[in-house]
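Trainee: Given next are the chains, with one letter for each unit.
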Amino acid sequence: MSEEIVSRVSNYLTPQVPFKAIAQGAEAVVFTTNVHPYLPAKDSNNKTYVIKYRPPKRYRHPSIDRSLTKHRTLSESRLLAKLFLIPGLKVPQLIACDAYNGYIWIEFLGEDLPNDAGFSNLKNFLWMFAPSDPYDPIVKETLIKVGEQIGLLHWNDYCHGDLTSSNIVLVREGPESWQPYLIDFGLGSTSNMVEDKGVDLYVLERAIVSTHSLFADTYKEWLMHGFCQVYKNNGAEGEKKLKEVLNRFQEVRMRGRKRSMIG
Amino acid sequence: MPAKTEKQLTRKKNPKFSSMALISSLPQFPDTRISLRLFHNVSNASEIRSKVAQLPYAIIDARSICSLEQVYSAIYRALVESKYGKLKTKSLHSECLYSLSATSNIGEAYKNFGIKDDSQMLLVIQIVDKDQQDLQLQGDEVPLNDENLSQNCDMTFIRKIYKLNEFHSTSTIEISRAVVNCIQLRGL
Ligand SMILES: Nc1ncnc2c1ncn2[C@@H]1O[C@H](COP(=O)(O)OP(=O)(O)OP(=O)(O)O)[C@@H](O)[C@H]1O
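Sequences listed follow chains A and B, in order.
So the first sequence is numbered by full-length UniProt numbering: it starts at 1 and just counts up by one.
So the second sequence is numbered by full-length UniProt numbering: it starts at 1 and just counts up by one.
Isolated chain A (complex conformation) (with noise of 0.2 Å):
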């Protein structure tokens, strides 16, 4: 990480939030504290905070540079908000929003797996269950609720913009038991186009085809159970914008092909 963004954080931030960092994505950084920027510190004990930065471009023009950021860390900011009110959907907390400057504080979810397995996204919960027990009880569960959290989003008009399987982070209710979060909404949006719905689902397919391409059949398809659900519990409405979703994750998919033969 480049040694200008983290003196800048940490002049933002005061010794007094000790910070570091977790993730660089191609826009921000992402980053770690045990710091709350407002609770007293005897509310917020032994927890983690994210702090995602969208540090300025240097390519952009310092005005334009200024009022993307701003937009970005907005939007993002508003869809953890609006998504915050739909009941069943599992988002991160929104702690606090510096548009000007880029910043947002959202609350740390998921844990470190057992047995050095890393972060409890998930990528590495499926990694962790595919050497011995791939069709465990324990992951079609959660990829069903995954499946439920997908099919909410959509079905409230919402979309992910990059639905991979680290974005989904898994929190753990019980021994056996794990519910998915949806995080990074850095590319999400309000839209009530089967196309982004399309999208979004191949973009899941893919990363779970390309990673766990042996169970992947056997995933997919209790994936799509808990999303169909959601939109099932909804009645005649739902069924019909249910085969609208597939029907257009099937031509996704076709195009996906298709572009894979020729490139």
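Take these hints with a grain of salt, some might be off.
Unchecked claim - From the structure, some residues in chain A lie toward chain B, with a derived Cβ separation under 10 Å:
1) P40
2) S67
3) K70
4) A81
5) F108
6) V209
As the list claims (entries may be wrong) - Derived DSSO-like pairs: lysine-lysine, alpha-carbon spacing no greater than 27 Å straight-line:
7) A/K140 / B/K111
8) B/K88 / B/K51
9) A/K123 / A/K90
10) A/K241 / A/K220
11) A/K47 / A/K123
12) A/K140 / A/K243
13) B/K83 / A/K57
14) A/K220 / A/K243
15) A/K90 / A/K47
16) B/K116 / B/K51
17) B/K163 / B/K116
18) A/K70 / B/K86
19) B/K90 / A/K82
20) B/K86 / A/K57
21) B/K51 / B/K111
22) A/K42 / B/K83
23) B/K51 / A/K82
24) B/K160 / A/K90
25) B/K88 / A/K82
26) A/K20 / B/K83
27) A/K232 / A/K243
28) B/K160 / B/K88
29) A/K241 / A/K258
30) B/K163 / A/K90
31) A/K123 / A/K220
32) A/K42 / A/K70
33) B/K163 / A/K82
34) B/K51 / A/K70
35) B/K88 / B/K116
36) A/K90 / A/K20
37) A/K82 / A/K70
38) A/K82 / B/K86
39) A/K90 / A/K42
40) A/K70 / B/K116
Keep in mind the hints are simulated off the structure, nothing from the lab.
Backbone N, C-alpha and C define an ideal beta-carbon position, used for all residues, glycine too.
Using the hints, position chain B with the ligand against chain A.
Mentor: For chain B with the ligand alone, coordinates are given in the frame of chain A:
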């Protein structure tokens, strides 16, 4: 740990600091002291109200406050806006009140969060680096904590002003979190 001792000392030195007040500073603003006090059974709200513009406080009708998280989240936003030259009102205190609001209409913010002639519960916010002045507020100061806020606030009113009438949850924690979202995003 040293920070705590210092706070306790300040409290002892200054008799006007009530022990029920919450005095703290936010990590990114270590030089700014925030004092919060909660009063019930206030009997002279109209008197306070008539001079509220001159008082170095933000005086909030606690009916609209359900949690400390709500209050601190608004103060945090006001401090950030102040630091980066984005204040929308004339002082840090009025900005704290304004920051509680879900809408960008300042008049509405005062209507929903400001002191009224018949206010009975008041939350007094003071952001300073000097000592607290005498408030001359007649009422019972009670410990400021989540219980004292949530048990006495007007949830129906809070849902209304933050446009959360449709929100499915009745848990204070969840409502408080939805409120924080509104506070962080108001007017942006
Ligand atoms: N709320 C959170 N709880 C736990 N970990 C998180 C959280 N948010 C982000 N992370 C971690 O940080 C990584 C990057 O975050 P995020 O995807 O939001 O940033 P990004 O820059 O958009 O990344 P990318 O471009 O790689 O998708 C995530 O993959 C995850 O491991």
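Trainee: If a hint holds in the structure, say so; if it doesn't, say that too.
Mentor: Each hint, compared with the structure:
| no. | hint | in the structure |
| --- | --- | --- |
| 1 | P40 | holds, 6 Å |
| 2 | S67 | violated, 12 Å |
| 3 | K70 | holds, 8 Å |
| 4 | A81 | holds, 4 Å |
| 5 | F108 | violated, 15 Å |
| 6 | V209 | violated, 36 Å |
| 7 | A/K140 / B/K111 | violated, 52 Å |
| 8 | B/K88 / B/K51 | holds, 22 Å |
| 9 | A/K123 / A/K90 | holds, 18 Å |
| 10 | A/K241 / A/K220 | holds, 20 Å |
| 11 | A/K47 / A/K123 | holds, 24 Å |
| 12 | A/K140 / A/K243 | holds, 24 Å |
| 13 | B/K83 / A/K57 | holds, 23 Å |
| 14 | A/K220 / A/K243 | holds, 17 Å |
| 15 | A/K90 / A/K47 | holds, 19 Å |
| 16 | B/K116 / B/K51 | holds, 12 Å |
| 17 | B/K163 / B/K116 | holds, 22 Å |
| 18 | A/K70 / B/K86 | holds, 14 Å |
| 19 | B/K90 / A/K82 | violated, 31 Å |
| 20 | B/K86 / A/K57 | holds, 22 Å |
| 21 | B/K51 / B/K111 | holds, 16 Å |
| 22 | A/K42 / B/K83 | holds, 26 Å |
| 23 | B/K51 / A/K82 | violated, 39 Å |
| 24 | B/K160 / A/K90 | holds, 24 Å |
| 25 | B/K88 / A/K82 | holds, 25 Å |
| 26 | A/K20 / B/K83 | holds, 24 Å |
| 27 | A/K232 / A/K243 | holds, 10 Å |
| 28 | B/K160 / B/K88 | holds, 23 Å |
| 29 | A/K241 / A/K258 | holds, 26 Å |
| 30 | B/K163 / A/K90 | holds, 21 Å |
| 31 | A/K123 / A/K220 | holds, 14 Å |
| 32 | A/K42 / A/K70 | violated, 32 Å |
| 33 | B/K163 / A/K82 | holds, 12 Å |
| 34 | B/K51 / A/K70 | violated, 38 Å |
| 35 | B/K88 / B/K116 | holds, 22 Å |
| 36 | A/K90 / A/K20 | holds, 25 Å |
| 37 | A/K82 / A/K70 | holds, 18 Å |
| 38 | A/K82 / B/K86 | holds, 25 Å |
| 39 | A/K90 / A/K42 | holds, 26 Å |
| 40 | A/K70 / B/K116 | violated, 36 Å |
When the structure is compared with the earlier hints, violations turn up for hints 2, 5, 6, 7, 19, 23, 32, 34 and 40 and for no others.
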